[in-house]
Structures are given as structure tokens and as C-alpha cells.
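**Student:** Residue numbers (my numbering): 26 to 461.
Please keep in mind that the hints were generated in silico from the structure rather than gathered at the bench. Take these hints with a grain of salt, some might be off.
Derived DSS-like pairs (lysine-lysine); straight-line CA-CA distance at most 25 Å [claimed, not checked]:
#: 1; residue 1: Lys292; residue 2: Lys252
#: 2; residue 1: Lys264; residue 2: Lys276
#: 3; residue 1: Lys292; residue 2: Lys276
#: 4; residue 1: Lys222; residue 2: Lys253
Bear in mind the structure is a predicted one, so any value in this text is a computation, not a measurement.
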Amino acid sequence: MTFASLGLVPPLLQALDALGYQTPTPIQTQAIPAVLAGRDLMAAAQTGTGKTAGFALPVLQRLSAGEKAGSNSIRALVLVPTRELAEQVHASCRQYGEHLPVSTYAAYGGVSINPQMMRLRRGVDLLVATPGRLLDLFRQNALKLKHVEILVLDEADRMLDLGFAQELATVFAALPKQRQTLLFSATFSDEIRSLAKGRLREPLSIEVAPRNSTVKAIKQWAVPVDKKRKSELFLFMLKDRKWGQVLVFVKTKKGADELVARLQAKKIAADAIHGDRPQAARQRALDSFKAGEVQILVATDVAARGIDIDDLPQVVNFDLPIVAEDYIHRIGRTGRAGASGEAISLVCADEAPLLLAIETLLKQTLEREEEPGFEPDHRVPVTAPGTPAKPKKPKAASGRSGKGVPGNWVGFAAPAAGKSRSSSAPARSGGKPRGR
């Protein structure tokens with residue numbers, strides 16, 4: 026299967042060739058012909074599956090065959106949950122459409138609205154936007170939605186998670202009834218099906234693979250550790266494993282700033298992206314990480330949506346996510362396009378229920394590897410994935426030997442599941458990521 030066989034025009038094929046794209050991914054193979062044919066689409070696809078090209082390529086081709094957008098009008102609207110994802114999707118659209126007479130633009134909050142209003146006066150063929158900023162522009166008559174031919178909802182599940190349901194309803198009400206609608210989500214939850222009901226016309230349903238399939242190629246393991254020693258353990262592993270660049274996920278904005286401060290105190294180049302930082306500062310941090318100038322990028326889940334980096338060898342969950350689905354989104358940033366990747370989770374006893382939820386979602390028990398010298402004092406009873414967890418009060422354990430203790434710590438399914446790194450050390454790896 027080639028991109029040419031999917032019906033794409035030469036200008037798009039030229040751009041893909043320059044980018045080194047050779048073989049379509051499963052989502053692209055199914056989505057591109059359907060979108061070119063004008064079909065509505067519901068697609069379940071994880072980050073890293075090539076879904077952006079799956080909708081952007083055929084949308085750009087359809088737009089290139091029509092008239093240019095008029096003043097304050099847009100012809101295709103791509104809605105995304107975060108500023109970072111808006112920038113990423115827009116950058117991809119510009120690359121794909123380099124040889125097409127199609128104008129593109131991105132609009133999102135956190136920056137001045139005035140330049141966006143001025144740009145939209147000339148009309149835009151394809152606009153990538155966050156729901157909040159889109160409605161700000163719409164209510165100020167900076168853009169018209171009545172001429173939209175194609176609507177794309179990217180990461181629709183995340184938009185609902187972030188509370189954009191009312192904004193989406195307002196957007197749908199302002200759009201013309203006759204349009205093509207493409208909905209992309211990590212899963213087909215009841216909420217997603219409800220969102221689609223009555224708004225998509227006989228959509229083609231695509232589910233590329235089981236929702237946890239994209240993480241199976243990634244080496245994943247959990248390192249038991251007491252909460253107060255997580256920072257110390259991370260610094261030890263960073264040096265001991267000779268890691269290169271690492272993307273680190275934390276639960277809170279405060280936690281991100283505290284970890285960065287500790288790393289910088291050790292003369293380690295680190296930066297953070299989270300919701301309290303200005304958009305310009307977040308973009309600078311991401312650009313510096315992609316350029317290899319920053320070794321450790323610390324991020325919260327919401328701020329990290331849309332991060333797209335090639336050849337990222339390690340992702341570390343400093344804190345486990347509250348929502349199990351976010352674990353898949355997090356670790357999907359390593360091991361892309363067949364490359365090897367590692368996802369390491371530093372887990373304390375308080376996080377046992379969160380770990381259980383992740384393992385239940387994955388339908389597997391993550392391997393445990395205690396670090397000698399960092400064995401936890403506080404342990405919790407075992408609960409196999411699929412069994413409801415009942416958190417119990419942690420209690421001190423004694424007689425540690427530096428090995429995992431089956432039956433005493435979270436998720437040990439059998440004696441072989443727990444082991445110290447002294448008996449089975451993860452492969453060392455490093456290297457720089459490349460910005461896509």
C-alpha cells in the first residue's frame with residue numbers, strides 16, 4: 026500500500042516524500058479514502074498512530090479543489106483540546122499543504138486575540154482552534170461559521186474531559202447542517218457516542234486496534250519507592266542509567282516546578298510546561314527540549330497534550346495519572362514508528378489504586394523492579410488486575426533484601442513478577458529526540 030494508491034494528488038505526495046513518509050499507517054489507509062469520498066467518520070485512534078495525517082491530507086486535498094475562503098470565513102475547522110495540540114496540528118497541515126493553494130491558521134487562548142482577528146479578516150481555508158478561543162472570535166464577529174464545509178474533532182474525548190461539552194454544543198449549533206464531520210477519539214465511550222449521535226451522518230466507524238495495542242512495544246515497568254524519596258530516586262536513575270533526554274509527567278503544577286528547581290540545583294538543564302506558565306514560555310520550553318538544549322522536560326497531563334517528538338527514549342511517570350487512560354497518552358510519546366522506548370513509573374503505596382486501574386486497562390501486570398537502596402518502607406496488599414481494589418493502611422515492612430517481595434507490594438501476580446534491578450537491569454539508552 027502506498028500513499029499514491031489512496032488517491033492523494035501529486036502536491037501532497039511531493040510533501041510526504043520530502044518528509045520521508047513512505048507507507049501509510051492503518052488509520053491512514055482506512056481514513057484517507059473515506060474522507061476523500063466525503064464520508065463522515067468516527068475513528069478510535071491513539072496518539073502516535075498517524076491520525077493527524079489521516080484527516081489532514083484528505084481535508085487539504087478537498088479544500089484545494091474548491092474556491093478560496095471569503096472574508097472572515099473558514100471552510101474547514103479542526104477543533105482540538107489544547108494550545109499545544111493546536112500548534113502541532115497546524116504545523117503538520119502547513120507541511121502537508123506546502124505545495125497546495127490552501128491557507129491555514131491556528132487560533133488558541135493564552136495569547137492576544139487581536140492578531141488572530143486581523144488574520145481572519147482575509148479568510149482562512151483551514152482553521153485549527155481550541156473551543157474557547159473559537160467562540161471568543163465567533164462572538165466578536167471575527168469569523169463566520171456558516172460556510173464551514175468540513176468539521177474535524179481531534180481528541181474529542183479529551184475535549185469532553187476538559188469540560189468543553191457546552192462549547193462544542195454551541196459550535197455545532199452555529200455550523201451548517203450540510204457538512205462533513207470527522208471525529209477522532211482515543212476510545213468510543215458512551216459520552217463520545219452521545220456527542221456523535223445526530224451530528225454525524227451514517228459515519229464510517231474505524232477502530233484501528235485495541236486501545237492498549239500502541240503501548241505493547243514499549244518496555245514498561247514500575248519502581249516501588251516511598252513518596253518522599255521519589256526525587257532522590259529519579260536523580261539516581263538519571264545518572265546510573267545514563268539517560269539522555271527524558272519527558273517526566275507529574276500530577277500538579279506545583280510538583281512540576283518543585284522537580285525542575287531540584288534538577289536545576291544539580292546543574293541539570295530542566296524546564297516545565299503546565300497551565301500556569303504563559304503560552305510563550307511553554308512553547309520556548311518545548312522548542313528547547315526538541316533542540317536538545319533541555320535534558321529534562323517536566324509536564325502535567327493537560328499541558329503535554331500535543332507534544333510530538335521523534336526518538337524519545339524514556340518517559341517517566343513521576344506521579345501516576347488520576348485517569349488511567351492518561352497513562353496510555355503519556356507513554357505513547359516514546360516507542361513511536363517502531364522505535365524502542367521505555368516507560369518507567371515511580372510508584373508509592375498511596376498510588377496502589379491508580380496502578381491497579383492502569384493494569385486493569387492494559388489487561389496486564391506491570392513488571393516491578395526495586396532499586397537497591399530505595400526499597401519502600403510502606404507496602405500494600407496485592408490485588409490482581411481486574412479485581413476491585415480496597416486500599417488499606419500502609420504498614421512498615423522489614424527484612425528487605427533489595428528484591429521485590431511477592432505478596433507484599435502492589436500488583437505482584439506471582440513470585441517471578443517482582444525483581445530487583447540487580448537481577449534484571451533495564452537496557453540503558455539515551456540519545457536526542459528530533460522535533461517533528
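**Student:** If a hint holds in the structure, say so; if it doesn't, say that too.
**Tutor:** These are the hints, each one checked on the structure:
| no. | hint | verdict |
| --- | --- | --- |
| 1 | Lys292 <-> Lys252 | 23 Å, holds |
| 2 | Lys264 <-> Lys276 | 23 Å, holds |
| 3 | Lys292 <-> Lys276 | 24 Å, holds |
| 4 | Lys222 <-> Lys253 | 47 Å, violated |
The structure fails to meet hint 4 from the earlier list, while all remaining hints are met.
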